[in-house]
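Undergrad: The chain contents come next:
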Amino acid sequence: MNRSEKSLHGLGAEFPTAASLLHAAKKVQALGFRRWDVYSPFPVHGMDHAMGFKRSRVSLFSLIGGFIGLGTAFALIYYTSAVNYPLITQGKPYFSLEASLPIFFELTILLTAFGTVLGLLLLTLLPRFHHPVFNWDRFQRVTDDGFFIVLETADPQFSNETSRKFLQEIGGTHISEIFQDPETTPHPARPNSEVFS
Amino acid sequence: MRADNSSAQAAFANASAYLERKPLVSNQRPLAWITDHICRIVEKPAPMWWWILTIFFGAVACLTPLMLTYLVSTGVGVWGLNVPVCWAWDITNFVFWIGIGHAGTLISAILFLTRQNWRTSVNRSAEAMTIFAVICAGIFPAFHVGRVWMAWFLAPVPNANAIWQNFRSPLLWDVFAVSTYFTVSLIFWYLGLIPDLASLRDRAKTRFRQMAYGLLAMGWRGSNRHWTHYEKAYLILAGISTPLVLSVHSVVSFDFATSIVPGWHTTIFPPYFVAGAIFGGFAMVLTLLIPFREIYGLHDLVTDKHIDNMCKIILLTGSLVGYAYAMEFFIAWYSGNPFEIYAFTNRAFGPYWWAYWAMITCNVAAPQLFWFKYCRQNPWVVLAIVMFPNTGMWFERFVIIVTSIHRDFLPSSWGYFSPTWVDITLFIGTIGLFVFLFLLFVRFLPMINIFEVKNITPEADPHTPDSHSERDSSISHATTTEVHA
Numbered sequence: 001m002n003r004s005e006k007s008l009h010g011l012g013a014e015f016p017t018a019a020s021l022l023h024a025a026k027k028v029q030a031l032g033f034r035r036w037d038v039y040s041p042f043p044v045h046g047m048d049h050a051m052g053f054k055r056s057r058v059s060l061f062s063l064i065g066g067f068i069g070l071g072t073a074f075a076l077i078y079y080t081s082a083v084n085y086p087l088i089t090q091g092k093p094y095f096s097l098e099a100s101l102p103i104f105f106e107l108t109i110l111l112t113a114f115g116t117v118l119g120l121l122l123l124t125l126l127p128r129f130h131h132p133v134f135n136w137d138r139f140q141r142v143t144d145d146g147f148f149i150v151l152e153t154a155d156p157q158f159s160n161e162t163s164r165k166f167l168q169e170i171g172g173t174h175i176s177e178i179f180q181d182p183e184t185t186p187h188p189a190r191p192n193s194e195v196f197s
Numbered sequence: 001m002r003a004d005n006s007s008a009q010a011a012f013a014n015a016s017a018y019l020e021r022k023p024l025v026s027n028q029r030p031l032a033w034i035t036d037h038i039c040r041i042v043e044k045p046a047p048m049w050w051w052i053l054t055i056f057f058g059a060v061a062c063l064t065p066l067m068l069t070y071l072v073s074t075g076v077g078v079w080g081l082n083v084p085v086c087w088a089w090d091i092t093n094f095v096f097w098i099g100i101g102h103a104g105t106l107i108s109a110i111l112f113l114t115r116q117n118w119r120t121s122v123n124r125s126a127e128a129m130t131i132f133a134v135i136c137a138g139i140f141p142a143f144h145v146g147r148v149w150m151a152w153f154l155a156p157v158p159n160a161n162a163i164w165q166n167f168r169s170p171l172l173w174d175v176f177a178v179s180t181y182f183t184v185s186l187i188f189w190y191l192g193l194i195p196d197l198a199s200l201r202d203r204a205k206t207r208f209r210q211m212a213y214g215l216l217a218m219g220w221r222g223s224n225r226h227w228t229h230y231e232k233a234y235l236i237l238a239g240i241s242t243p244l245v246l247s248v249h250s251v252v253s254f255d256f257a258t259s260i261v262p263g264w265h266t267t268i269f270p271p272y273f274v275a276g277a278i279f280g281g282f283a284m285v286l287t288l289l290i291p292f293r294e295i296y297g298l299h300d301l302v303t304d305k306h307i308d309n310m311c312k313i314i315l316l317t318g319s320l321v322g323y324a325y326a327m328e329f330f331i332a333w334y335s336g337n338p339f340e341i342y343a344f345t346n347r348a349f350g351p352y353w354w355a356y357w358a359m360i361t362c363n364v365a366a367p368q369l370f371w372f373k374y375c376r377q378n379p380w381v382v383l384a385i386v387m388f389p390n391t392g393m394w395f396e397r398f399v400i401i402v403t404s405i406h407r408d409f410l411p412s413s414w415g416y417f418s419p420t421w422v423d424i425t426l427f428i429g430t431i432g433l434f435v436f437l438f439l440l441f442v443r444f445l446p447m448i449n450i451f452e453v454k455n456i457t458p459e460a461d462p463h464t465p466d467s468h469s470e471r472d473s474s475i476s477h478a479t480t481t482e483v484h485a
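Protein chains in written order, with this note's numbering: chain A, 1 to 197; chain B, 1 to 485.
Looking at chain A on its own, in the form it has when it is part of the complex:
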């Protein structure tokens, strides 16, 4: 195994449409691949199912955030108005549920939003500014009109020859090796780099 193969991240293939991407993803999933990913400019309908995903766990973070928000609101109001400095205003009880509801609601919403964003960042492992797929020149079109599948070397089923053939069979074009090392992967910004077909 030479150096370039050691730092190989995977094989990338481009697909012409969202439909062909979905079709191909179903086949990759059927083959039992685990370490692979689909890249598209927008979420393709049905892709989660095709890739065998379960429900996203972001909602769990939102729920926890919501409970923390509600708890904070309750603690804040109860502690300040009934414990720390009880003060009779307008002859009302120190603490009452009715008058607290608006702030209960607002803080629940606020911390649900924070929980959701935190959950999203943790589950997607973003921000991450460097990723091997960015080393592939065609990949720039992923935010425009490019649809890609990348099979990663980390998968036990991965083999440079058979995986390449497989990507061809499922309709992939511009099949290219993507390296961990940016210098090895073809990119228009690096005209002297070796170009793979």
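Source of the hints: derived by calculation from the structure; they are not laboratory data.
Fair warning: this is a prediction, and the values are worked out from it, not measured in the lab.
One should not assume that every hint holds.
[As the list claims (entries may be wrong)] Selected chain B positions facing chain A (Cβ under 7 Å, derived; list incomplete): (1) Phe12; (2) Asp202; (3) Arg221; (4) Lys232.
[As the list claims (entries may be wrong)] To be clear about the criterion: a stretch of chain B counts as covered by chain A if any three or more of its residues have a C-beta under 8 Å from a C-beta of chain A, and this derived list gives those stretches: (5) 177-186; (6) 207-220; (7) 361-374.
[Unchecked claim] Computed footprint of chain B on chain A, listed as stretches where at least three residues anywhere in the stretch have a Cβ under 8 Å from a Cβ of chain B: (8) 35-43; (9) 46-58.
Ideal placement from N, C-alpha and C gives every residue a C-beta, glycine not left out.
Following the hints, position chain B against chain A.
TA: Chain B alone, transformed into the frame defined by chain A:
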């Protein structure tokens, strides 16, 4: 017989062409066209008109800090408010601006939950409008407290007096509601921007742009392992923003409704305020969107259908507001309370009659023109008509606030509020700030949600094109087999 058949077929074809929904992206634009057309606005050198407008509105926006400095250094007396009218232009402007924001959240959250796909072309700019409007809104109550350096007393932090905030006060609810609204709107807006910022990053020609947009895009790479979480997070934010937006203007209305002032003390306020906010907000969305659509040639993305839909929402909410005006009068009469009855007769026929009838003309009468298709289809007519709600909603808040308190219970405490030049200049300053921020937004961020617009094109649907071709091929197969048989 044959002629009959063909004419029937033609009639059927006509009917189905008539019944078929117009596509949300006209002229079957491909995906790359959508990216290019929206990103180009940000990438091309700024046109001359942009510089002129931005410098002009930037200068107008400077009036805001100028007037605030004058206010703080001289004293609150430079504003026209005084006993009995202690809430006047500042609170009017606050409610006006916060109301404008509501259309943005309605479009981004409620229309998302109800699967109204047309929202995708307008939600980005409407959400930006929300954020800028809330910024303008926040200025007024902060300075209305009088001693602005004490504004931090609103936050529950321990202070020298050792007394905490009164959590039963609707004014404190307002602090929580508005700050939560601003924060959640900002998060929602930014989350929607991430994939589009990645588009700008990947198209960047200079290192600086690549770095700036790259940092903001957080390394987004369109992975489906990310999209699955992203879509869920977006759905949850839409789900929590929906009750939030309804709560914010309800809480704003509690500032009035929980008092015992005749004209304020009404249970209809929360729904009435929310309807009014959506009404005024959509008018502002159209005011901003129609000129930019013309300037940047966005007719294929913001189609006549989009404008038509928003006009219908304005018609609906305008009529709801009109119903609320009528119901306020009815309840005042029905209550048999002489103070209530007086408050409302005074509104319509008292010294502020001009403000009341300006409000009725702008909010109830003018939107009725949207019953006519002609008025909804011609963007310039729409632009002219929505100026009425823009003005009318300001008058509505002025009428509610000022007319209810300018005649106190005792005739010795009656007064007439007139704004001073500082009131007027400060309001003009916030209009300048709002337009200035919007011009910056249009220049530096994609003003239409690129990935969501792509998602509603027929090209993006992985099922339709395939099944179409499959169905077509299967039909042709069937025909050939029949022929063979």
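Undergrad: When the nearest CB of chain A is found for B:Phe12, is that gap smaller than 7 Å?
TA: violated (29 Å)
Undergrad: Regarding the hint that B:Arg221 lies at the interface with chain A, is the smallest CB-CB distance below 7 Å?
TA: holds (6 Å)
Undergrad: Taking a Cβ-Cβ distance under 8 Å as contact, does the region 361-374 of chain B have three or more residues in contact with chain A?
TA: violated (count 0)
Undergrad: Should the hint that B:Asp202 touches chain A count as held when the rule is a Cβ pair under 7 Å?
TA: holds (5 Å)
Undergrad: Hint B:Lys232 vs chain A: min CB-CB distance below 7 Å?
TA: holds (4 Å)
Undergrad: If you count the residues of the region 207-220 of chain B with a beta-carbon closer than 8 Å to a beta-carbon of chain A, do you get 3 or more?
TA: holds (count 5)
Undergrad: Report holds or violated for chain B covering the region 46-58 of chain A, Cβ cut-off 8 Å, minimum 3 residues.
TA: holds (count 9)
Undergrad: Does the region 35-43 of chain A contain three or more residues whose Cβ lies closer than 8 Å to a Cβ of chain B?
TA: holds (count 7)
Undergrad: Verify the coverage statement for the region 177-186 of chain B against chain A, using a C-beta to C-beta distance below 8 Å and requiring 3 or more qualifying residues.
TA: holds (count 4)
Comparing the model with each numbered hint stated earlier shows that hints 1 and 7 do not hold.
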